[in-house]
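J.: Work the whole structure out from these sequences, hints included.
Heads up: the protein sequence lines correspond to chains H and Y, in order.
In terms of our numbering, the first sequence opens at residue 731 and continues consecutively.
In terms of our numbering, the second sequence opens at residue -2 and continues consecutively.
Hints may be right or wrong, so weigh each one.
What the hints assert, rightly or not - Which residues of chain Y face chain H? A partial, calculated answer using Cβ under 10 Å:
(1) 9
(2) 30
(3) 39
(4) 40
(5) 42
(6) 43
(7) 47
(8) 57
(9) 61
(10) 63
(11) 65
(12) 90
(13) 101
Claimed, not checked - Cut-off 30 Å, straight-line C-alpha distance, at most; resulting in silico cross-link-like pairs (DSSO-like, lysine-lysine):
(14) H:772 x H:813
(15) H:808 x Y:13
(16) Y:67 x Y:35
(17) H:813 x Y:67
(18) Y:13 x H:787
(19) H:787 x Y:67
(20) H:808 x H:787
(21) Y:110 x Y:0
(22) Y:0 x H:808
(23) Y:13 x Y:110
(24) Y:107 x Y:67
(25) Y:107 x H:808
(26) Y:0 x H:772
(27) Y:67 x Y:110
(28) Y:67 x H:808
(29) H:772 x Y:35
(30) Y:35 x H:787
(31) H:787 x Y:107
(32) H:808 x H:772
(33) Y:35 x H:813
(34) Y:107 x H:772
(35) H:787 x Y:0
(36) Y:110 x H:772
(37) Y:110 x H:813
(38) H:772 x Y:67
(39) Y:13 x Y:107
(40) Y:13 x H:813
What the hints contain is simulated information worked out from the structure, not anything from laboratory work.
By construction, the Cβ of each residue, glycine as well, lies at the ideal position given by its N, Cα and C atoms.
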Amino acid sequence: EPEVTQTPSHQVTQMGQEVILRCVPISNHLYFYWYRQILGQKVEFLVSFYNNEISEKSEIFDDQFSVERPDGSNFTLKIRSTKLEDSAMYFCASSGRGGWSTDTQYFGPGTRLTVL
Amino acid sequence: AQKVTQAQTEISVVEKEDVTLDCVYETRDTTYYLFWYKQPPSGELVFLIRRNSFDEQNEISGRYSWNFQKSTSSFNFTITASQVVDSAVYFCALSEAPGQGGSEKLVFGKGTKLTVNP
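T.: Structure, rendered in structure tokens:
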């Protein structure tokens, strides 16, 4: 069964460093998302991406964040200058369609980011 | 604005008991979608079910069942004859129909941690 994959599973970085989290969505999906979950808290939406552009972003997704689909399979989240409060589990998700109907979003296993 | 409330933060049951996880939602849209996801101790988010706002039929899948009631804005999840492997955090989530100006982002509740003891 197709699944969303994410790498790395765990990333440790120093405050102020740049990190890139990688995701490979399900191959025929068109809509891509990043969410984050601070330890013990609820899952929060960061950004949605369709047709090579951001379709929606949350207040959390400030200028330090960016997303890219560099090729036909990868979807990345970059944090330019990490802060301690960026420590969280980051989930990538993809869905087959959007528009008038919201399709199910399937999530990857997550990348645990630890900022020291 | 969308909101999902899962009032039960933690529930503990003994194996074979039935357990119901509550979910109450708020939205101004007439078209919306409700979801349940399971997060086992390993951390991934596993999709369980998706319902749209026009389909109020209850659904049963094995030991799992869902009760969707628009009149009370609730979408409750029942596990029958619980097992230790059901131990996880369960999240209820809501999205709207983007074609009507809403957002397809998922808005999650805070989750209910279910512990099933042997």
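J.: Does each hint hold? Answer for all of them.
T.: A quick look at each hint next to the structure:
1. 9: Nearest chain H Cβ about 17 Å off; hint violated.
2. 30: 5 Å, holds
3. 39: Holds. Min distance 8 Å.
4. 40: Holds, about 6 Å.
5. 42: 4 Å, holds
6. 43: 8 Å, holds
7. 47: 5 Å, holds
8. 57: 19 Å, violated
9. 61: The hint is violated - residue 61 (chain Y) has no Cβ within 10 Å of chain H, the shortest such distance being about 16 Å.
10. 63: Hint on residue 63 (chain Y): violated, closest Cβ of chain H at ~14 Å, above 10 Å.
11. 65: Violated, about 16 Å.
12. 90: At about 8 Å, which falls below the 10 Å cut-off, the nearest Cβ of chain H leaves the hint on residue 90 (chain Y) intact, so it holds.
13. 101: It holds, given that the least Cβ distance between residue 101 (chain Y) and chain H is near 4 Å, below 10 Å.
14. H:772 x H:813: 20 Å, holds
15. H:808 x Y:13: 45 Å, violated
16. Y:67 x Y:35: 23 Å, holds
17. H:813 x Y:67: Violated - the C-alpha atoms of residue 67 (chain Y) and residue 813 (chain H) are around 42 Å apart, more than 30 Å.
18. Y:13 x H:787: Since the Cα atoms of residue 13 (chain Y) and residue 787 (chain H) sit roughly 43 Å apart, the hinted pair is violated (cutoff 30 Å).
19. H:787 x Y:67: Holds, at roughly 29 Å.
20. H:808 x H:787: 14 Å, holds
21. Y:110 x Y:0: 19 Å, holds
22. Y:0 x H:808: 28 Å, holds
23. Y:13 x Y:110: Measuring from Cα to Cα gives roughly 17 Å; hence the hint holds.
24. Y:107 x Y:67: Holds: residue 107 (chain Y) and residue 67 (chain Y) sit about 21 Å apart, inside 30 Å.
25. Y:107 x H:808: Holds: residue 107 (chain Y) and residue 808 (chain H) sit about 26 Å apart, inside 30 Å.
26. Y:0 x H:772: Holds, at about 12 Å.
27. Y:67 x Y:110: Within the cut-off at roughly 25 Å; holds.
28. Y:67 x H:808: Violated, at roughly 40 Å.
29. H:772 x Y:35: Given pair residue 772 (chain H), residue 35 (chain Y) holds - Cα atoms ~12 Å apart, limit 30 Å.
30. Y:35 x H:787: This hinted pair holds, its Cα atoms lying about 24 Å apart.
31. H:787 x Y:107: 20 Å, holds
32. H:808 x H:772: 22 Å, holds
33. Y:35 x H:813: 29 Å, holds
34. Y:107 x H:772: Distance ~5 Å between residue 107 (chain Y) and residue 772 (chain H) Cα, so the pair holds.
35. H:787 x Y:0: 17 Å, holds
36. Y:110 x H:772: Between residue 110 (chain Y) and residue 772 (chain H) the Cα gap is close to 12 Å, so the pair holds against 30 Å.
37. Y:110 x H:813: Within the cut-off at roughly 29 Å; holds.
38. H:772 x Y:67: 24 Å, holds
39. Y:13 x Y:107: Given pair residue 13 (chain Y), residue 107 (chain Y) holds - Cα atoms ~25 Å apart, limit 30 Å.
40. Y:13 x H:813: It is violated: about 45 Å lies between the C-alpha atoms, which goes past 30 Å.
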